[in-house]
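Participant: Given chain C, put chain H with the ligands in place with the hints provided.
2 protein chains.
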Amino acid sequence: MANIHDSAYDLEKAIRESEEFNHLKNSFEAVMSNPQAKQLFERFRDTQMQLQEKQMQGLDITEEEVEQARTVVEEVQQHSDISKLMEDEQQLNLLINDISRIITKPLEELYGNPDHQ
Amino acid sequence: MANIHDSAYDLEKAIRESEEFNHLKNSFEAVMSNPQAKQLFERFRDTQMQLQEKQMQGLDITEEEVEQARTVVEEVQQHSDISKLMEDEQQLNLLINDISRIITKPLEELYGNPDHQ
Ligand SMILES: [Ca+2]
Ligand SMILES: [Ca+2]
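Here the protein sequences line up with chains C and H, keeping their order. Position 10 of the first sequence, counted from 1, bears residue number 10 in my numbering, the numbering being contiguous throughout. Position 75 of the second sequence, counted from 1, bears residue number 75 in my numbering, the numbering being contiguous throughout.
Excised from the complex, chain C in its bound form (with noise of 0.2 Å):
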């Protein structure tokens, strides 16, 4: 019987070692290492959060938070080292979505067996 460490291990090596987190992590160096991106793609990523927690708990969305949301997100679209992470960023997102599909079939089949029903 595979031991489950020994091969979420190797799992971790293969993603550490893939072509879409090398990606990844030179397209979040460059963002990082040149301080106006770092400094945007920062604001980004609070717009961002902070529009999510805000829903998740039910409130308002203001229309100037909506087009506060819409500028950064238009200068993030032009900038093209930070769009380059953020597509590298969706391409790992897909690779680690497969990797759960994979991962939790079992569960899955258990508890999505219709004889189960």
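Accuracy of the hints is not assured; some may be wrong.
Because identical chains cannot be distinguished in the list, a pair is counted as satisfied if it fits within a single copy or across any two copies.
Claimed, not checked - Okay, derived cross-link-like pairs now, PhoX-like style, lysine-lysine, Cα gap no bigger than 25 Å in a straight line:
1. 13 to 25
2. 13 to 54
3. 84 to 13
4. 38 to 25
5. 105 to 25
6. 13 to 105
7. 105 to 84
8. 84 to 38
9. 105 to 38
10. 54 to 25
11. 84 to 54
12. 13 to 38
13. 54 to 105
Hints were generated in silico from the structure; no laboratory data involved.
Facilitator: Just chain H with the ligands, lined up with the frame of chain C:
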């Protein structure tokens, strides 16, 4: 370089063959094969889900709902097969959390590196 999908499938197999998963599978099947236990378990699940949904939507939870939830939890705790199932779910959750911590380490290191803050 290890292949990510191969590593993920190895991990899936390790989970499927684990003691934790097989204990959960046995307890789940024990509850599902007993109509009275199945019904109580599903009532518990539905109650938890309804309260969670209301919380996520920022809606108030009434005293009556709290009381209903408490009653179902008490019934469930007194049912040994369901208690066993819930313990086994918790054990598997601990395992899944462990795995998740291991495989998200590369990302955590990248985004959590204090040099980047
Ligand atoms: Ca690159
Ligand atoms: Ca068992």
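Participant: Let me make sure I understand: some of the numbered hints might not hold for this structure. Which ones are they, in numerical order?
Facilitator: Violated hints (numbers, rising): 2, 10, 11, 12 and 13; every other hint is consistent with the structure.
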